[in-house]
Amino acid sequence: MRLHEYEGAAIFEKFGIPVPRRGVVRTVEGALRIADEIGFPVVLKSQVLVGGRGLAGGIKTAESSDELEKSADDLLNMEIKGLPVKELMISERVKIAKELYMGITIDGYSGKPVAVVSTEGGVLIEETAKHSPEKIASVKIDPKLGFYPYQAQKLLRQLGLAPKPLTACSDILVRLYKVFEKYEAIIVEINPLVILENGGLMAVDAVLEIDDSALFRLKKSLSLPTDNRLGNSLENKGKEIGVTYVDLDGDIGLISSGAGLGMASMDIIGNKLNPANFLETGGGITADLLYKCMELILMKDLKAIFINIYGGINPIHEGAKGIVKYIKDHHLTLPIVAKALGNHQEETWEILRSGGVHVVTQAATETAVDKLIDLLK
Amino acid sequence: MRLHEYEGAAIFEKFGIPVPRRGVVRTVEGALRIADEIGFPVVLKSQVLVGGRGLAGGIKTAESSDELEKSADDLLNMEIKGLPVKELMISERVKIAKELYMGITIDGYSGKPVAVVSTEGGVLIEETAKHSPEKIASVKIDPKLGFYPYQAQKLLRQLGLAPKPLTACSDILVRLYKVFEKYEAIIVEINPLVILENGGLMAVDAVLEIDDSALFRLKKSLSLPTDNRLGNSLENKGKEIGVTYVDLDGDIGLISSGAGLGMASMDIIGNKLNPANFLETGGGITADLLYKCMELILMKDLKAIFINIYGGINPIHEGAKGIVKYIKDHHLTLPIVAKALGNHQEETWEILRSGGVHVVTQAATETAVDKLIDLLK
Amino acid sequence: MSILLNDDTRVIVQGITGKIGSVQTKWMLEYGTKIVGGVTPGKGGQTVEGLPVFNYVDDAVKETGANASVFFVPAIFVLDAFLETVDAGIDLIVIVPEHIPVHDAMKMRDYAKDKGTLALGPTTPGILSPGKGKMGIMPASLFAPGRVGVISRSGTLSYEFAGILSEKNIGQSTVVGMGADPVVLCNLPEILEMFENDADTDAVIIVGEVGGEQEEKAADFIAHNMKKPIASYIAGRFSPQGKKMGHAGAIVRGSAGTYDGKIEAFKKAGVTVLESPVHVNAWAEKHHLR
Amino acid sequence: MSILLNDDTRVIVQGITGKIGSVQTKWMLEYGTKIVGGVTPGKGGQTVEGLPVFNYVDDAVKETGANASVFFVPAIFVLDAFLETVDAGIDLIVIVPEHIPVHDAMKMRDYAKDKGTLALGPTTPGILSPGKGKMGIMPASLFAPGRVGVISRSGTLSYEFAGILSEKNIGQSTVVGMGADPVVLCNLPEILEMFENDADTDAVIIVGEVGGEQEEKAADFIAHNMKKPIASYIAGRFSPQGKKMGHAGAIVRGSAGTYDGKIEAFKKAGVTVLESPVHVNAWAEKHHLR
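One line per chain: the protein sequences are A, B, C and D, in this order.
In terms of my numbering, the first sequence opens at residue 1 and continues consecutively.
In terms of my numbering, the second sequence opens at residue 1001 and continues consecutively.
In terms of my numbering, the third sequence opens at residue 2001 and continues consecutively.
In terms of my numbering, the fourth sequence opens at residue 3001 and continues consecutively.
No lab work stands behind these hints, which were simulated from the structure alone.
Note that the coordinates shown come from a computational prediction; the quantities given were computed from them, not determined experimentally.
Backbone N, C-alpha and C define an ideal beta-carbon position, used for all residues, glycine too.
Hints should not be assumed to be uniformly reliable.
Said to hold, decoys possible - Chain C side only, calculated, beta carbon under 8 Å to chain B, not exhaustive:
#1 Gly2042
#2 Asn2055
#3 Asp2080
#4 Leu2083
#5 Glu2084
What the hints assert, rightly or not - Away from chain A, derived, C-beta distances all over 12 Å, residues of chain D:
#6 Arg3010
#7 Glu3049
#8 Ala3140
#9 Ser3276
For reference, chain A alone in the conformation it holds in the complex (with noise of 0.2 Å):
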């Protein structure tokens, strides 16, 4: 789960980083309010769940409070990549003598937490660890032990930063350890990190992403809304009846069993076909998991359907009895092509015919695909 903005600045400013003088609003009239507050100039941040909302003009300056209601106004009336802007978020800005970066991730590989620093934050910093990869240093973290000064000094120090900096920073990336052990994060993120005219140091951007995972155990200290969160009412129902969907441009209807079997379905589909979305349920297929997939990608106008499963954990002719319960439910007439072996895969096959489906009992998902193509043609 990916935290807003305001909600990751709220966290880290409890853990001590120093972040901007700032407020929340939903309209240009709490725009003004805040930026009374805090004085002018102000800075205006979309609040959207995407990246690089920078580069999609979500980010505004404002030096008055004409300004300000002409850029909150457009704002708030914009989508950026295509989500509507509901809120804003109203922050001094400060006097930026350099920008920093600094990240705390997952190393998958040595299964370790990884620190990333830099000297060159903002926008551009994925392409300077390509171009300047002198520029970027990062040491793996061992968590048992957890994450001390003077590691985080050893790091900074490879960036030839000034003392006074430098223990600063330390200080502050420290604080970022706890905040990604504490809210058992996937990354946590400054970006950038300024150093201000006056020497201080702030975080002008907080980015916070929790792993969904352990959720049941951060709900209490997060006290946050963990539903909804994301872009698409689609995607956040699939999140609801707990499988991955993740909407595309398309007229099939794709339901797969598992995050690989579904990124080779779409890779054999390739350009032959246009899948409307990408369904995958995970382990622990049930008839009811199964209809209520068939309702979800089929709020979507669909000129067919692909379904490529593999019983594992559960006995797979019950998948198949909730996907033929709902074509019969709505007398759905539309081209189903399923491809589904595993435990009971007989009784399946002869439940899925029941419904109308063209079954393939084959092993290669090309064979289900070219049978789809040939029922379209």
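On the provided structure of chain A, position chains B, C and D as indicated by the hints.
Chains B, C and D alone, transformed into the frame defined by chain A:
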């Protein structure tokens, strides 16, 4: 710093350990109000920071308002081991099926936390340890890894508890470890942990002693007063000026640098003289500190003063200056013997002699004690 | 011989009394796996499929001589049960459940490495050695005995590959699910090494996917340590970008994690790259695999 | 030879720019200790007593070849500085400061053990080898070179014993302060073993005190491993009860920690028990120590 039972219970409760309904009062009226809220019968517990208050009559029960009124009045006019009872905790009286014990402390030799459990909770737990060691089980904890339910269960299995209370106990013990860790405790203890008649568990006492050296970083999360928590006002004063002061019954003032040297001085004085106190300066003797030490020990009526100090961290003549300044400021005439060795010792002796102090220049404390006895003849 | 599972493997099922645990136990037994008991806290003394259930893993080990365990434990209890299992001296642990918190997975991985315990998952379908046994949820009907090793990051894609091979009568020595999570308890090169050293495996198929750097590290390992023919398939070439790990992830990994980066690494290491799972047949034919 | 300190010991002083650190550096130098530099974060580039000051321990090690460090670092920074020092490869660390949180001390002890670093303290006066050098705050005037080893839990009592011995011209090989805290970084038997193996030490004095179980464990070690004559003094026979560790502490330790328990353990192990420090003279005479 040892917390009052009610302070400990509030922390235990925050960490999910079941504790009785309760309230803290300073008056009989307050006691009646709380008892009305939680319902009779209730238990009245004196909140004093000494052990053995139960055996000293500091805990009573009341079935009715009349009984409560009388008992509360008795307790609030009582002293336990010299400490006046100022606060009472009024708590629900629970129906006890069995009393267990659990505690976590630090095993100094291995440098690890150690969890201790017993099926024989109650006031006589130390006797149980001596005479029925098989009813006690303990395990060392690796603080890097933490303490998990399976480890708590493995420990508790040694006591032969039934599965249900075992699981519930292990849950409480794991929570108790979190308290221990979070509050940098020297000891946390639930004695007794009660198995109720209805099968539930309840922590009927709460012991929590925090490492004084860690208070600097705990003050924020504790939000409790940290001063004046010792029973004796002189001992509190000692803590204020940064020395260890233990009040005794005699008439010889004793100042030593280092607990070991202080204890050795007491041993050598033995039964020949009666110390009025035990004041141990710790490292870092300064003129100001020794001036304050003189002030502190002279809050009692003394017949003589015995000073036994070595200069390690600081040159010792600084301390001598403080002693002599106090003598001169207060025209002190009672006999003072000082053994003072270490850096700048010759200078020190000169200064002390200028204040009329009898200086001993040999290392053996015996010589100085003999000198003092001589003077008092 | 096969890898991981052999005649001396004595398996306990943790979470055996649950709905999934009990059904899967039945299926593992039907497949010939030597299951010797199960563990569910508080259910000690019961039996499932005729097997004794214990409250604690150490009891199960003591009573049954178990040396391997497969987990059907609810995600929120997995960390505690895992540490208990490692401490009980079990040599091989298969963590089937999904949605294990990744900070727990880091602790589990670290603990297992420290104690020298081999563990697979989380979110793995497990291990299956055709005709010998299986630990996990792989549907037996798709597998056939033979001499090709399969190692897959994706559960269902391991079934797809086994199914495609079996239809052409190309059998498998062992099929291993690594686990689909960002942090897994055993990395790809460790499994590859076992296949390289296994006398009953002639060739290996790696089923990877975009994200992470298992494939890149494996390519490096293969270039220096492996002689057997290897084919690989990477899922996700045309997939919508999955979970974005933010800048820090991208910076740490550089080009690692992308489809092109993985393909390039494999090609450099001399690994045959399959554009689609079904192409595995041509590769198998070329190498005369059976 | 002496123990711990020898001709190859190259010492840095951490917290060298502080008031205490700089004075003690002067005194250690005056005593002939090979001090090669100091560390104070943010003060790199300065000099103290002509010695270079560094910001970081690894820089100091690189530039000076230091292999030992003595701490005059404020208590709240000690844990961080200690881990840094262990990581920098220093072999011997002496932690003079008092009031180190005991939960920090547990972490320090664990880390040092893991990495094989020898450390003394916290709350130790340090180590002094008469005529050779000292790391810490022991006042030099009280010590004389000779062949008696002294190991003490109490700082000032180590001075008392050295003073009493020196007045009678009985010198010391090395005087070691273990540290007075409940958790110390090096336990008594480890130091005793060094003295037993030291060709320049003929006999050892243990200065203990009530509380904890260092003496009991030492007695056990002595009974099985030591041949040199040993005398011991335990402070606290008539002392007011100190900090009470509560039931749990008492239960864990049983009779350990009491004066009588310690005395009994030492007597059983053949250790001479001194009722008062000054009695050490008679013992030394009996064993012809010098």
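So, going through the hints one by one against the coordinates:
{"no.": "1", "hint": "Gly2042", "result": "holds, 6 Å"}
{"no.": "2", "hint": "Asn2055", "result": "holds, 7 Å"}
{"no.": "3", "hint": "Asp2080", "result": "holds, 5 Å"}
{"no.": "4", "hint": "Leu2083", "result": "holds, 6 Å"}
{"no.": "5", "hint": "Glu2084", "result": "holds, 4 Å"}
{"no.": "6", "hint": "Arg3010", "result": "holds, 21 Å"}
{"no.": "7", "hint": "Glu3049", "result": "holds, 23 Å"}
{"no.": "8", "hint": "Ala3140", "result": "holds, 32 Å"}
{"no.": "9", "hint": "Ser3276", "result": "holds, 45 Å"}
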